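Visitor: One letter stands for each residue in the lines below.
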Amino acid sequence: MSQIAKHTLRFFLFFLVQVLVLNQIELGMGIQIMIYPLFILLLPVDMSVFSLMLISFALGLSIDALSNTFGLHASSLLAVAYFRPMIYNLFAPRDGYDILMETNIFTLGTAWFVKTFGLLIIIHHFWFFMLEMFKLNEIVFVLQKTGLSVVVSILICILLQYLFLRKKRSNEV
Amino acid sequence: MRNFLAFIRRFRVFLLFALLQGIALTFYFTFLSFPRSQFLTSTSTISGTFFELKHDFTKFIALEENNTALQKENLELRSRTIENLFRLENGLVKVDDTLHKVQYEYVPAEIINSTHTKRNNFFTISVGAEQGIKRNMGVFSSNGVVGVIHYAGPKYSIVKSCLTEKVNIAVMIEASGEHGFLKWDGKDSRRGTLTGISNDSDVDKWSKVVTRGSAGIFPEGIAVGKVEKTDVVEGMPLWDVTILFSENYRTVQRVYVVKNLLKEEQDDAESHIPVDVIL
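Sequences listed follow chains A and L, in order.
With our numbering as the guide, the letters of the first sequence map in order to residues 2 to 174.
With our numbering as the guide, the letters of the second sequence map in order to residues 42 to 320.
Keep in mind that the hints were calculated from the coordinates and are not lab data.
None of the values given here were measured: they were computed from a predicted structure.
Ideal placement from N, C-alpha and C gives every residue a C-beta, glycine not left out.
Be aware that one or more of the hints could be misleading.
So, partial list: chain A residues that the calculated Cβ filter (under 7 angstroms) puts toward chain L [claimed, not checked]:
no., residue
1, GLU27
2, GLN33
3, MET54
4, PHE58
5, ASN69
6, GLY72
7, ALA75
8, GLU133
9, LEU137
If you anchor each label on the Cβ, the simulated ranges turn out as follows [what the hints assert, rightly or not]:
no., chain 1, residue 1, chain 2, residue 2, range
10, A, MET30, L, LEU60, 14 to 20 angstroms
11, L, GLU261, A, GLU27, 28 to 34 angstroms
12, L, ASP308, A, GLY148, 44 to 50 angstroms
13, L, LYS142, A, GLU27, 42 to 48 angstroms
14, A, ASP96, L, PHE98, 47 to 53 angstroms
15, A, PHE165, L, PHE98, 42 to 48 angstroms
16, L, ARG291, A, GLY148, 22 to 28 angstroms
17, A, GLN4, L, GLU114, 55 to 61 angstroms
18, A, MET48, L, ASP281, 49 to 55 angstroms
19, L, LEU118, A, VAL115, 54 to 60 angstroms
20, L, LEU60, A, SER3, 27 to 33 angstroms
21, L, ARG176, A, ASN90, 44 to 50 angstroms
22, L, GLY218, A, MET30, 43 to 49 angstroms
Could you put together the complete structure from these sequences and hints?
Guide: Structure (structure tokens):
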């Protein structure tokens, strides 16, 4: 499958899963599962930050349009796209990234994934919940929501990759 | 000029980021305070149809609970019909009632999309301006208050539910008539808070809280919840009242929208209150 078709398909899958499934799940204690930052992580390494931002803006706005958040998801996903190159540089492997390789948990290892994606999703969730509350005196609740949701979101993202990416990897290698 | 171009080139990434961020945040904050367009909301035709489809698949999940609630309401209404009453006269007296005039009309609607984990939760319902829905109409279900219409699109509307920070529905404690406003602290979808209840009188636990009907948005006496606990507000003669909602916002599906036929008259009369007297 060509790269563009693959990522376009993923775009719609992440969008549908977030809107139809994850938005409807309530775990209590302010946990809200948001996995679509994984889509940004899986985009090619050599993609320019401009395209990243435009794509993330489009995905964010589509999710906003169907969850009555009026721009919250777009704003926080934009932050993910903006910080992705910096964080990628921060945790770059010794001999740099292979631009043909997809950056996922199998190609770069669990430690890299947890560090990189962890940081991105903390930025995303904190940005989201902070804007949602928009009150500094509720910072404890914001941190509680961020902390708990980050853990659940990361676990689900790891699980998703084990479920859907493993086979592709064995074909490629 | 060259410096300026160099500046733009140097910070082009950040500038695009700031621009898109500005667009997103402007959407968010203007829509939260006053909605102007249906762009980016679930009332647009595409997303409305989308949710209608989704709702067709998921509406059966809470069907049992909703049916029980409707049956309970039917039972109560049935007990009020004239056939239930024993006739003391035998048809000699005919009443052509001129003392009562219809004030409220109700439009049935279905919630096709809802959230309950966010700080401000909006529900999408399947009626809109074409059915005469306007901003600031009340929405309730057979169990209790649900919210207020925030934005009415042509076929779908968004309800600002009781699970938003500033839902500000005028409510009162049924027994004492003490009144205040309903708020939500964003933590528990089963509990809300009342502000403005004076601590002159005690508030009994489990006393019923109903709508006050003062703003003309809801008729008087629609259930909201029951008082769960009262706390003292530091330095103010007020109770901080926590209530348990009578409606379960996670499963509610069938709702009614309140059309107040005398609302314009009330607003018109209230607009004559001289401003300098208030200030």
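Visitor: Please check whether LEU137 of chain A passes as an interface residue: C-beta within 7 angstroms of a C-beta belonging to chain L.
Guide: Result: violated, 14 angstroms to nearest chain L Cβ.
Visitor: Against the range 22 to 28 angstroms, how does the distance between the Cβ atoms of ARG291 of chain L and GLY148 of chain A compare: consistent or not?
Guide: holds, 24 angstroms
Visitor: At a threshold of 7 angstroms, is the proposed contact between ALA75 of chain A and chain L supported by beta-carbon distances?
Guide: holds, 4 angstroms
Visitor: Mind checking the CB of PHE58 of chain A against every CB in chain L and telling me if the closest is under 7 angstroms?
Guide: holds, 5 angstroms
Visitor: How about GLN33 of chain A: closest beta carbon in chain L under 7 angstroms, or not?
Guide: The hint holds - GLN33 of chain A has a Cβ within 7 angstroms of chain L, the shortest such distance being about 5 angstroms.
Visitor: The hint says 55 to 61 angstroms between GLN4 of chain A and GLU114 of chain L; measuring C-beta to C-beta, is that right?
Guide: holds, 56 angstroms
Visitor: If I claimed the Cβ atoms of LEU118 of chain L and VAL115 of chain A lie 54 to 60 angstroms apart, would that claim hold in this structure?
Guide: holds, 58 angstroms
Visitor: So does MET30 of chain A sit 14 to 20 angstroms from LEU60 of chain L, Cβ to Cβ?
Guide: Violated: the Cβ-Cβ distance is about 36 angstroms, outside 14 to 20 angstroms.
Visitor: Assuming the hint says 43 to 49 angstroms, is it satisfied by the Cβ distance from GLY218 of chain L to MET30 of chain A or not?
Guide: violated, 37 angstroms
Visitor: Hey, does the GLY72 of chain A contact hint survive, CB to chain L under 7 angstroms?
Guide: Hint on GLY72 of chain A: holds, closest Cβ of chain L at ~4 angstroms, below 7 angstroms.
Visitor: LEU60 of chain L and SER3 of chain A, beta-carbon distance inside 27 to 33 angstroms?
Guide: The hint (27 to 33 angstroms, Cβ to Cβ) holds, given that LEU60 of chain L and SER3 of chain A are roughly 31 angstroms apart.
Visitor: With 44 to 50 angstroms as the target window, see if ASP308 of chain L and GLY148 of chain A comply at their CB atoms.
Guide: Check passed, 46 angstroms falls within 44 to 50 angstroms.
The structure shown violates the earlier hints numbered 9, 10, 15, 22.
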